[in-house]
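Peer 1: Order-wise, the sequence lines are chains A and B. Note that this note's numbering numbers the first sequence so that position 24 is 24, with each residue one more than the last. Add 167 to a position in the second sequence, counting from 1, and you land on the number used in this note's numbering.
Hints were generated in silico from the structure; no laboratory data involved. Be careful, since some hints might not be right.
In silico DSS-like pairs for lysine-lysine, Cα to Cα no more than 27 Å straight-line [to be verified]:
{"hint": "1", "chain 1": "A", "residue 1": "Lys62", "chain 2": "B", "residue 2": "Lys174"}
{"hint": "2", "chain 1": "B", "residue 1": "Lys352", "chain 2": "B", "residue 2": "Lys232"}
{"hint": "3", "chain 1": "A", "residue 1": "Lys8", "chain 2": "A", "residue 2": "Lys62"}
{"hint": "4", "chain 1": "B", "residue 1": "Lys249", "chain 2": "A", "residue 2": "Lys139"}
{"hint": "5", "chain 1": "A", "residue 1": "Lys167", "chain 2": "A", "residue 2": "Lys8"}
{"hint": "6", "chain 1": "A", "residue 1": "Lys8", "chain 2": "A", "residue 2": "Lys160"}
{"hint": "7", "chain 1": "B", "residue 1": "Lys249", "chain 2": "A", "residue 2": "Lys8"}
{"hint": "8", "chain 1": "A", "residue 1": "Lys167", "chain 2": "A", "residue 2": "Lys139"}
{"hint": "9", "chain 1": "A", "residue 1": "Lys139", "chain 2": "B", "residue 2": "Lys232"}
{"hint": "10", "chain 1": "B", "residue 1": "Lys352", "chain 2": "B", "residue 2": "Lys174"}
{"hint": "11", "chain 1": "A", "residue 1": "Lys8", "chain 2": "B", "residue 2": "Lys232"}
{"hint": "12", "chain 1": "A", "residue 1": "Lys160", "chain 2": "B", "residue 2": "Lys232"}
From the derived model, a few chain B residues whose C-beta atoms are all more than 12 Å from chain A [to be verified]:
{"hint": "13", "residue": "Val175"}
{"hint": "14", "residue": "Ser224"}
{"hint": "15", "residue": "Ala261"}
{"hint": "16", "residue": "Thr266"}
{"hint": "17", "residue": "Gln326"}
Computed from a predicted structure; not experimentally measured. Built from N, CA and C at the ideal position, the CB exists for glycine as well.
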Amino acid sequence: MANLEFIKSASATAVSTLQITDCFNANYDVYQVVIDNDNAGNNDLYIRVINNSGTVISSGSKYDYANLELNAYGTFAQNNNAGFNEFRGIGFQALFGASTVATFFEPHNSSSFTFASSQTASYYNSGQFRGGKSIGVYKNADIITGLEINAPSSAFSYIKITVYGVK
Amino acid sequence: MAGSLIKVDEFTISSAVASIILGGGSSGSSGANVSIDSTYDVYLFTTTNSDVSVDNSNILLRVTKTSDNSADTTANYDNAYKLLSPSFDFSNQANTNMTSFQHLGGSGTGTNESGVATAYLFNWANTNEYSFMTWETNIYNQTPALFSAKGGQVHTVAQSNNGIQILMNTGNLTSGTFTIYGLRKF
Chain A
1 MANLEFIKSA SATAVSTLQI TDCFNANYDV YQVVIDNDNA GNNDLYIRVI
51 NNSGTVISSG SKYDYANLEL NAYGTFAQNN NAGFNEFRGI GFQALFGAST
101 VATFFEPHNS SSFTFASSQT ASYYNSGQFR GGKSIGVYKN ADIITGLEIN
151 APSSAFSYIK ITVYGVK
Chain B
168 MAGSLIKVDE FTISSAVASI ILGGGSSGSS GANVSIDSTY DVYLFTTTNS
218 DVSVDNSNIL LRVTKTSDNS ADTTANYDNA YKLLSPSFDF SNQANTNMTS
268 FQHLGGSGTG TNESGVATAY LFNWANTNEY SFMTWETNIY NQTPALFSAK
318 GGQVHTVAQS NNGIQILMNT GNLTSGTFTI YGLRKF
C-alpha cells in the first residue's frame, strides 16, 4: 500500500502567478508540496491559499509566517510577520533555481487552521547559495483546496508545483 | 504497486489520556502490536491536530525499550534547535540530560490552538547506536501565537528501542493523530 500518493502537478513558463487547484481534499491530513522555479529576481515566494469556493485569500490579514534564511555569503537572517495577506518565504525565487519541499497540515479541515512548514535550497545571482527554513499558519478555519504561487519581482521563467498526499 | 512510505502504526485520541505509545509491541496504544525494528532504517513520525487539557502545557516524547516495551525515563535526552516565530526574535535553544524529548511545548487550550509536527527517526532499533531524530514543529498558541522548533534530538543510550511514547508534563492529551511510517529500504 502506498502512503505517499501523487495527487496533482502544475507547471508554466513566463508567468508571474501559478495556481494549483483541487489538490487538497478530504482523503489526507498531511501533504508534501514540491516547488521548483527559476526566476531572474531574488525574493521570497508569495503563497496564498484558495478556498473551496475558488477564492484566493488575499485580504483579511490571516497569514503569519517566519523564515530563517541561511546565507552562504552573508549572515543568517530572520524574516517574520504576523497578520499579512500571504505567506512569504515558504520558498524563494532565484536566478539559478530554487527548490522547496513544504508540508501542509490539515488544509481541508474546516475546524482547523492550515499550518505549513518548509525547507528551501536556492542559488541566486553572483553565485550565492541561500537555504531556508520556514513556518506559517493561515488563521481561518475553512476548507482550503489549492494554492496560488506569486513572484513578487520578475516573472518565473519556469515553475512547477507537485502535490502529494501522506496517507 | 507497493509504495515506499509504509504506515506502521497510528493512534487518534478519542478521549483524554495522559500518554500513549506508538509501536512499542504489546504496549502500543493502537492494539496493533507492532514495533519499530530493523525492517526500516528510517521512520517518519507525524503529529496533527494536537490539543491538551491544561493551558501552556508541554507534549513530550520518550523512546520505548525493545527489552520490555516500557518508556525510558532516564535523563539521557539532548536536543538543539532554532526557535522561530512571527511574533518574536528567533533564538537558539539547547538542552542536555533531560528525562524526555521535547515535542510541542507551550500547547494551549484556546479555540484553534493546535500543533503539528514531523520527525524522522534514525537508529531507533540499532543496539549499537544512539537514537536520533530530525524534528520540526508548528504550534499555534494565541500568546504569542505561532512558533516552531526546527532542529534535532538524541537519546544518548546505545540500546534497541521499539516505539515512541507521547506524554504530557501535566494534564492530558485531548486531541491528536499520531502516526509512524517506515521508509522502505531496497
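Peer 1: Hint by hint, note whether the structure agrees.
Peer 2: Hint check results:
1. A/Lys62 <-> B/Lys174: 34 Å, violated
2. B/Lys352 <-> B/Lys232: Roughly 23 Å between the alpha carbons, so the hint for B/Lys352 and B/Lys232 holds.
3. A/Lys8 <-> A/Lys62: 26 Å, holds
4. B/Lys249 <-> A/Lys139: 23 Å, holds
5. A/Lys167 <-> A/Lys8: 15 Å, holds
6. A/Lys8 <-> A/Lys160: Given that 27 Å is the threshold and the Cα spacing comes to 11 Å, the pair holds.
7. B/Lys249 <-> A/Lys8: 33 Å, violated
8. A/Lys167 <-> A/Lys139: 24 Å, holds
9. A/Lys139 <-> B/Lys232: At roughly 39 Å apart (the allowed maximum being 27 Å), B/Lys232 and A/Lys139 break the hint.
10. B/Lys352 <-> B/Lys174: 14 Å, holds
11. A/Lys8 <-> B/Lys232: 40 Å, violated
12. A/Lys160 <-> B/Lys232: Violated, at about 44 Å.
13. Val175: 10 Å, violated
14. Ser224: B/Ser224 is indeed farther than 12 Å from all Cβ atoms of chain A, at 19 Å.
15. Ala261: With a cut-off of 12 Å, B/Ala261 remains clear of chain A, as the shortest Cβ separation is near 16 Å.
16. Thr266: B/Thr266 clear of chain A: closest Cβ-Cβ about 27 Å, beyond 12 Å.
17. Gln326: 28 Å, holds
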